[in-house]
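K.L.:
These are the residues of each chain, in order.
Protein chains: 2
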Amino acid sequence: MDERAALALLANELDAAGDDAAIIDGLVITTDMLHDRTDFPDGTTRYTAGWRAVGASLSDVAAMGAEATAAVAVYAAPEFDPEELLAFVRGARDVCERVDAEYVGGDLDGHQEFTVTTTAIGRTDDPVLRSGARLGDCLCVTGTLGRSAAALEYFERSRDDAALERANELFRFEPRVAAGRVLASHATAMMDSSDGLARSLHQLADASDCGFAVDADQVPIADALREVAPDAALERATTFGEDFELVVTLPESALEAVRSSIDVELSVVGRVTDPEHGITFGGEPLADRGYTHGD
Amino acid sequence: MDERAALALLANELDAAGDDAAIIDGLVITTDMLHDRTDFPDGTTRYTAGWRAVGASLSDVAAMGAEATAAVAVYAAPEFDPEELLAFVRGARDVCERVDAEYVGGDLDGHQEFTVTTTAIGRTDDPVLRSGARLGDCLCVTGTLGRSAAALEYFERSRDDAALERANELFRFEPRVAAGRVLASHATAMMDSSDGLARSLHQLADASDCGFAVDADQVPIADALREVAPDAALERATTFGEDFELVVTLPESALEAVRSSIDVELSVVGRVTDPEHGITFGGEPLADRGYTHGD
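Going down the list, the protein sequences come from chains A and B. Under numbering that gives the first Met the number 0, the letters of the first sequence match residues 0 to 294, in that order. Under numbering that gives the first Met the number 0, the letters of the second sequence match residues 0 to 294, in that order.
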């Protein structure tokens with residue numbers, strides 16, 4: 000049984016689960032595990048690892064339209080090098096500071112492979128779910144897609160310090176908590192793009208019982224990805240994932256108010272259609288293809 | 000650098016960390032990682048694993064005197080067997096039900112070794128820390144010590160179904176959330192016994208700048224441990240750990256009120272002394288010896 004089938008099995012067992020984060024009495028909770036083999040390529044600093052791991056959980060809080068309260072992490076490694084450990088904690092703390100959350104520590108564990116589990120807590124009385132998209136809504140994306148795909152190219156291609164520094168920088172992202180708070184007042188459905196835009200759209204379509212018509216030319220592609228993969232930039236921006244931008248539907252009438260209140264670009268990439276339309280990308284059906292965590 | 004040294008290093012970096020759980024704005028957060036090699040002996044069912052892993056985090060919430068709100072878990076395994084996964088979730092949910100918390104799911108991750116990370120959330124406006132023990136206070140322990148030590152003997156000695164069932168039963172414990180709530184009104188210092196009574200006493204003594212005189216005869220030993228290790232029962236009950244009982248100091252005048260309001264035995268095992276006394280056990284100095292997680 001693969002991870003997606005297992006998640007579907009569990010969705011039947013657990014009332015509160017199933018969206019980017021669970022919600023109970025206004026408290027938003029989300030937890031993720033990342034590890035060396037798949038999530039932290041060679042050259043990832045422990046500072047970047049701390050930032051990225053905690054940021055991934057904060058992104059799930061953002062995707063619910065919630066404010067972020069706090070985060071914890073378990074740092075599991077074969078040995079505890081003081082410099083690495085402090086760098087990790089500083090990365091975790093810095094990403095929390097960016098979103099006005101507090102990093103409150105966690106646990107250490109002896110483990111063969113470097114493994115990090117992060118949990119973030121948030122708060123909202125009015126969460127944005129994946130299930131509310133309405134026919135005719137705009138489909139929007141914050142920021143740009145493809146930063147992580149570009150970072151991986153940098154990690155793989157080069158071992159000089161400048162390239163590694165650039166890769167690490169691309170790998171550290173801004174969790175869109177502030178934008179999510181603004182969007183929460185207007186959004187009809189929202190999630191983050193951690194599994195890639197294509198898979199996110201399939202998940203939103205399933206939850207909202209709708210289709211999407213995406214204008215491929217409007218997908219905001221990270222400059223860094225255009226540089227390292229000029230011929231495959233659109234494809235990777237759409238399917239690679241690991242980007243932690245918000246994918247959101249909202250009425251066109253709300254666009255101006257949202258754009259004037261957030262500190263990141265909001266691109267209209269398409270429209271919500273009826274479910275019979277399916278999901279089209281530049282007029283062609285868009286496959287449910289992307290990053291499955293843990294594979 | 001070992002785990003304890005690393006934790007001490009981090010205590011300097013992080014304001015909110017250092018007790019059984021972190022606290023921020025009345026929210027109690029704690030996270031732990033457990034894994035196959037050290038935490039789930041051969042024969043541990045997935046139901047017991049779910050119960051125990053989530054219970055360990057709920058015990059940390061109890062140790063702060065907080066009510067338990069919710070728990071999440073990451074279930075990481077080489078493959079996702081539906082029956083095992085559902086058994087895990089049912090164990091996690093059942094232990095949450097025992098303490099009026101909600102199990103809200105979590106994440107799945109492909110991982111070589113069966114690994115579980117649990118996070119529990121609680122709430123209290125008046126947490127009990129490790130640092131408030133006062134000279135003359137009674138030193139008390141809830142329930143009995145040594146259930147997990149006995150369980151391990153059962154797991155190791157036998158492979159017949161009855162013995163395994165008994166081992167699993169001993170391995171599932173009651174997180175002392177309800178008792179912790181009652182104790183919170185009276186306790187001067189509290190923590191759980193997950194590292195063993197001996198180590199817990201050293202940690203309380205460090206935090207409270209006090210000593211302890213323990214009456215060895217009063218240590219409540221689990222019947223199951225007396226049965227499987229009659230000659231070493233006291234020593235194992237004191238140092239083995241993994242028991243998740245509360246170790247607490249409170250004024251003698253509060254004993255009666257507490258005992259009449261909790262559903263578990265509360266044994267007085269000693270007294271808080273001045274720090275010069277150190278920690279004595281039956282009159283002899285008690286070594287700082289016990290279970291270090293992750294070793």
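It is possible that some hints are incorrect.
Counterexamples of contact, computed for chain A against chain B with all Cβ distances above 12 Å [stated by the list, open to error]:
no., residue
1, Gly104
2, Asp108
3, Ala119
4, Glu152
5, Gln217
6, Ile261
Estimated spans, in silico, between C-beta atoms of each pair [unchecked claim]:
no., chain 1, residue 1, chain 2, residue 2, range
7, A, Glu82, B, His276, 37 to 45 Å
8, A, Glu264, B, Glu168, 34 to 42 Å
9, B, Arg89, A, Pro40, 32 to 40 Å
10, A, Asp124, B, Gly282, 22 to 30 Å
11, A, Gln111, B, Glu82, 22 to 30 Å
12, B, Pro284, A, Gln111, 33 to 41 Å
13, B, Gly25, A, Glu251, 37 to 45 Å
14, B, Ala286, A, Glu82, 48 to 56 Å
15, B, Glu82, A, Glu255, 46 to 54 Å
16, B, Asp125, A, Pro77, 39 to 47 Å
Since the hints were made in silico from the structure, they are not lab data. Here the structure is a predicted model, which is why all the values come from computation and not from measurement. Glycine is no exception: its CB is placed at the ideal position from the N, C-alpha and C atoms.
K.L.:
Can you list which hints this structure breaks, lowest number first?
P.N.:
1, 2, 3, 8, 10 and 14
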